[in-house]
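Undergrad: What follows is the residue order along each chain.
Protein chains: 2
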Amino acid sequence: MTGPLVLHPIARVESSLQERTDAPRQGDEGAPDAWVVFDESVRAALADITAGDELILITWFDRADRAVQAVHPRGDTSRPATGVFSTRSPDRPNPLGLHRVTVLAVDGLRLHVNNLEALDGTPVVDVKPVLGDIHER
Amino acid sequence: MTGPLVLHPIARVESSLQERTDAPRQGDEGAPDAWVVFDESVRAALADITAGDELILITWFDRADRAVQAVHPRGDTSRPATGVFSTRSPDRPNPLGLHRVTVLAVDGLRLHVNNLEALDGTPVVDVKPVLGDIHER
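Residue numbers (UniProt numbering), protein chains in the order written: chain A, 1 to 137; chain B, 1 to 137.
To be clear, the hints were calculated from the coordinates, so they are not data collected in a lab. Careful: at least some of the hints might be erroneous.
Put simply, identical chains are the same to the list, so a pair is met inside one copy or across any two.
[Unchecked claim] Derived pair list, reagent style SDA-like, types lysine to any residue, alpha-carbon separation capped at 20 Å:
id	residue 1	residue 2
1	Lys-128	Thr-50
2	Lys-128	Leu-55
3	Lys-128	Ala-81
4	Lys-128	Gln-26
5	Lys-128	Asp-28
6	Lys-128	Ala-64
Remember, it's a predicted structure, so these values are computed and weren't measured experimentally.
Next up, chain A with everything else stripped away, as it sits in the complex (with noise of 0.2 Å):
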């Protein structure tokens, strides 16, 4: 048996990002730099982070719709309802968005990114490396 899986916050984006209009598709579409603020609680975990390194953020999208199956894929209604296992609509059962930045800057718990389409507020609840090839890992 698995209990209720339950995510805490780990962190939280400081963008000037506020809405979800005002939001790119993807963070390689023109998003803003931004801001990755941890909590003290995982100071460890993050020690080992310095800028050039390249991430996977693993945020939470606080203002999805859960109960949505199917989009338009990138908003076009020309384009036919696709279920949203095939898309990145942030509207989608487990509100999970991923989003590959560059550390520009680590300021003890606060890391500086480039390329987050995340909005102020969002939060994050896991950071990974990109993986490199095997002989790298």
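Starting from the known structure of chain A, fit chain B onto it as the hints suggest.
TA: Below, chain B without anything else, positioned relative to chain A:
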């Protein structure tokens, strides 16, 4: 205010991998083919996935230790202990796993996929397409 961030399992892994000691460290290091068996409640979200699709599965490592914040990378004690946000260790504050797979076959609510290092019974919480170039989105 954000309430508790509760994930609902959307699928389970069916795999020959039974124990953590059986599993390779990453999916491209000799992981087996496996089945991902979805819940009826997400049939519409799954509807457009077809054989050949490249997907990212997000799993919940239900046998992980969430209190761990530093590990020796790849279990190699000759390497210094490293903050888990700089590693892919399943032991981390929020035990989410990222797995890049190719769909080999679709049979109703079951996807046959390659290269999945998750253990038998692991909950799956999200499925996303691998993003192509901007002009293909």
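Undergrad: Are the hints correct? Go through all of them and say.
TA: Outcome of the hint check:
| no. | hint | in the structure |
| --- | --- | --- |
| 1 | Lys-128 / Thr-50 | within (13 Å within a copy, 28 Å between copies) |
| 2 | Lys-128 / Leu-55 | both (6 Å within a copy, 18 Å between copies) |
| 3 | Lys-128 / Ala-81 | between (32 Å within a copy, 16 Å between copies) |
| 4 | Lys-128 / Gln-26 | both (18 Å within a copy, 13 Å between copies) |
| 5 | Lys-128 / Asp-28 | both (18 Å within a copy, 17 Å between copies) |
| 6 | Lys-128 / Ala-64 | between (23 Å within a copy, 16 Å between copies) |
Hint compliance for this structure: every hint is met.
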